[in-house]
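Combine the two chains into a complex, taking the hints into account.
Taken in sequence, the protein lines are chains A and B. Counting along the first sequence from 1, when you hit position 101 you're at 101 in my numbering, and nothing is skipped either side. Counting along the second sequence from 1, when you hit position 3 you're at 3 in my numbering, and nothing is skipped either side.
It should be emphasised that the hints constitute simulated quantities derived from the structure, not laboratory data. Keep in mind that this is a model prediction, so the values were computed, not measured. Please note: incorrect hints may appear among the correct ones.
Sample of chain A residues with no beta-carbon within 12 Å of chain B, all distances over it, derived [claimed, not checked]:
| no. | residue |
| --- | --- |
| 1 | Ala18 |
| 2 | Asp125 |
| 3 | Arg151 |
| 4 | Ala155 |
| 5 | Asp157 |
| 6 | Glu217 |
| 7 | Glu246 |
| 8 | Tyr267 |
| 9 | Asp286 |
Some but not every residue of chain B turned toward chain A, in silico, with C-beta under 8 Å [claimed, not checked]:
| no. | residue |
| --- | --- |
| 10 | Gly19 |
| 11 | Glu40 |
| 12 | Gln65 |
| 13 | Gly130 |
Every residue, glycine too, gets a C-beta built ideally from N, C-alpha and C.
So the chains spell out like this:
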Amino acid sequence: MMRVLLPRTLDEALEMKAASPDAVPIAGGTDVMFLLNFDRFRPPALIDVSRLPELRATRYEGDRFFLGAGVTYARIVRELTAFAPLVQASRSVGSPQIRNRGTVGGNLGTASPAGDALPVLAVYDADVVLGRAGGHTRTLPWAEFLTGPKRTALAPDELILGAWWRPLRGPGSFSKIGTRNAMVIAIASLCLVLDEEHRRAQVALGSVGPTIIRAGEAESFVAAAMTSAGAWDDRRVSLPPGVVAEFAERVAAAARPIDDVRGTAVYRRHGCRILARRSLSWALEDRRLAA
Amino acid sequence: MLVKLKVNGEWREAEVWPGASLLALLRDQLALVGSKNACEQGECGSCSVWMDDALVCACLVLAGQADGREIRTVEGLASGDRLHPVQQAFLESGAVQCGFCTPGLIVAVADLLEHDPAPSDLVIREALAGNLCRCTGYAKIIDAVHVAAEKMR
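Bound-form chain B, shown alone (with noise of 0.2 Å):
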């Protein structure tokens, strides 16, 4: 099936098979692969995106639901060559181990502080328990957040 999206500011087509998620449209038909694909069951968060400005599991979204809606990835969070305030403390507070959790991540945080500029550890901790790191980096992962709260001020 035909789908027409808007990602990251341009509306794109893809020619996808009808079970297909909205992660596979991204990753197989547009070449996006920032997002990661991983568990495939909304468990890890590697591949979250966000739909018409919601948080969500790109591997959970049926690729002709998002038909006619608006997509942003990580791809899109970076202006040119200058790294998105996340993607900066990130890098700065050395919150990226093996780096496959980091996009689904990133997203993750960018969302927490759009809507709470300021968040405590607890609300942090709430607002990424979608989001595995099997590297187990979380303690710095949390400074990130705190890092890009801040250059975000």
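This is chain A alone, in the form it adopts within the complex (with noise of 0.2 Å):
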């Protein structure tokens, strides 16, 4: 018989994760219903994480800024505009019915590389915390994290509390192909942002490897770049074709994409090469019309 537990705090949550380490959290329950309704998936427990409220919570701490890991993707479309990829990522994300509901702690559990926050959270070099009973916490860098397709670093009796970072001050997007503008699984997805205070490129890559990838060949190659052609210092100056072209192939050598139902690993290579064009073409924009 399947048991559920429904923790009112954390505290609570994290005693009950430690007596019963096989317990599923489930908080938007966009991965987990699905499975339960198709009878796929019969976990002795599962444990709601949707109403605590200190997973909920969004805050900065001196230059770092956390995000609760039961922070539903409409809450940051409406509420963290100083974000501009993580808002156009979580916008991305299914329906307004999946924003209502889904987390960015769900996408960070069930570790799908397509799932959509997980390459702005690459980009943002972003730490997740983890927490386990007696208030003990760790931290862990996201590639640690993410240890592979649909498998993390997390402990059975951890849960996940959210994620820090250090906000970039630069331009950058998110974009995502697939077959529709909505309810959409990325077959490619990329996130960049130019950061100004420390003169580098950041960009990752979901759904084209079996984890988020970062490009880092092509971004110190796209940063070089910027400082020969002194574009650092003079943000109307842009960069040639020829070297916009070279950090996209760059970026799509990077790729480490297989076929699967939803595309051929050649198209989501080519995917990415596009995706990178186009998204470093839109910073260089930006600057110049900020400048």
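So, in structure tokens, the structure goes:
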């Protein structure tokens, strides 16, 4: 007989998780419920984390921002307008019904390479915060937390509390490829931010590998190209089309796609190339307009 | 497990299997069959209801998660024989073909108009992106949203 645990506070939830490490967390239900509805999944217990006020928090602490695992995509779109790529990714999730329920904690916990929030967290160099009974927390860089397709470093007695990052200053975007403008699991997705403060480019790819991929080589290439063009010092300076194309090639080369029901590896790699070219062009245009 | 929840203004109780969805509770235990059971994975919007004023797919809410919450379903829209303006607009616009997606669409449109009394076509398309009509009657549905918006002004 399956049990449903209904904690009202985070402490209570962590105690329950310690006592029932096999309990599967459920928040918005967008991943868990369909498995239950189709008889594909019968966990011994479910633990409802959707009522924990601690997980619904967003706050700045010093120069860092904390996003609670239970913040829904609808709330991100309404409230976190300072983080444009995160808002764009959130708005591309499912439909209004899904965005009213789905949470960033769910994207992290499910750890699908197609999770829309994940490339953004990767570009932000976010750290994932995990909690355990007794007030213990540990923090892992996103790349150590996401260990593989649908695999994470979460221990059985832990819950995902949220993610930290240092807000980046500079233009950026999230874009994805799919068959519709809504209700789409990404065939390929990309987040790019030009970090004006540290003079870096940050690029992450979703849905084109076993987990989220940072295109490190392409990042250094474009940052160096901007330095030689004098673009970091003068936002009106753009990059030659050849440099943008070369950046797109290097991003495409970073992808590790497979063929599956949603698309072929060749199509996905080409998608990365297009998304990379467009998002760099948008960012350069945003800089020019801001200048 | 026993779930107590407020449905269309009235407190109700239902004994459900712990893995049951809110949709199963509404349909099988409370006989509120207006919310339709189609895809059971949040793709089609046929089971759209409000939970604490947020539009959700009832098939993706665990029944236990609805304990103590306030649910509004399509059955709560009409007052007696007087249809809700969105229902009336769907009738007048011919926005109903087989009718299966209609309850979910009516709830989603009512939710949209509660937040935006005069939505553009683009806003309507985005707001209804999670509601599928397999008769593909979308043009009339979008007409109906404008008619309903006019009635509610």
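Checklist line | Beyond 12 Å from every chain B Cβ - status for Tyr267 of chain A | finding: The claim stands: Tyr267 of chain A keeps its Cβ more than 12 Å from every Cβ of chain B (closest is about 23 Å).
Margin query: Please check whether the beta-carbon of Asp157 of chain A is more than 12 Å away from every beta-carbon in chain B.
Written below: Label holds. Min Cβ-Cβ 22 Å, cutoff 12 Å.
Item checked: Evaluation of the interface hint that places Gln65 of chain B against chain A, nearest CB under 8 Å -> 5 Å, holds
Next item on the list: Go through the hint on Gly19 of chain B and say holds or violated, using the shortest Cβ distance to chain A against 8 Å.
Entry: 5 Å, holds
Item checked: Separation of Ala155 of chain A from chain B, once the least beta-carbon distance is taken, above 12 Å -> At roughly 24 Å from the nearest Cβ of chain B, Ala155 of chain A sits farther out than 12 Å, so the non-interface label holds.
Next item on the list: Determine whether the non-interface label on Asp286 of chain A survives the test: each CB of chain B must be over 12 Å from its CB.
Entry: At about 23 Å from chain B, Asp286 of chain A clears the 12 Å cut-off, so the statement holds.
Notebook entry, point to check: So is Arg151 of chain A really clear of chain B, every C-beta pair being over 12 Å apart?
Noted result: For Arg151 of chain A, whose nearest Cβ neighbour in chain B is about 22 Å away, the distance exceeds 12 Å, so it holds.
Checklist line | Status of Glu246 of chain A, Cβ more than 12 Å from any chain B Cβ | finding: Non-interface label on Glu246 of chain A holds, nearest chain B Cβ at 36 Å vs cutoff 12 Å.
Margin query: Holds or violated: the hint that Glu40 of chain B contacts chain A, with Cβ atoms closer than 8 Å.
Written below: At about 4 Å, which falls below the 8 Å cut-off, the nearest Cβ of chain A leaves the hint on Glu40 of chain B intact, so it holds.
Checklist line | Status of the stated non-contact between Ala18 of chain A and chain B (beta carbon gap over 12 Å) | finding: 20 Å, holds
Note to self: Over 12 Å from every CB of chain B: does Asp125 of chain A meet that, or does the non-interface label fail?
What the structure shows: 31 Å, holds
Check: Would the hint on Gly130 of chain B stand, with a C-beta cut-off of 8 Å toward chain A?
Finding: OK, holds: Gly130 of chain B within 8 Å of chain A, min 2 Å.
Checked against the numbered hints listed earlier, the structure breaks none of them; every hint is satisfied.
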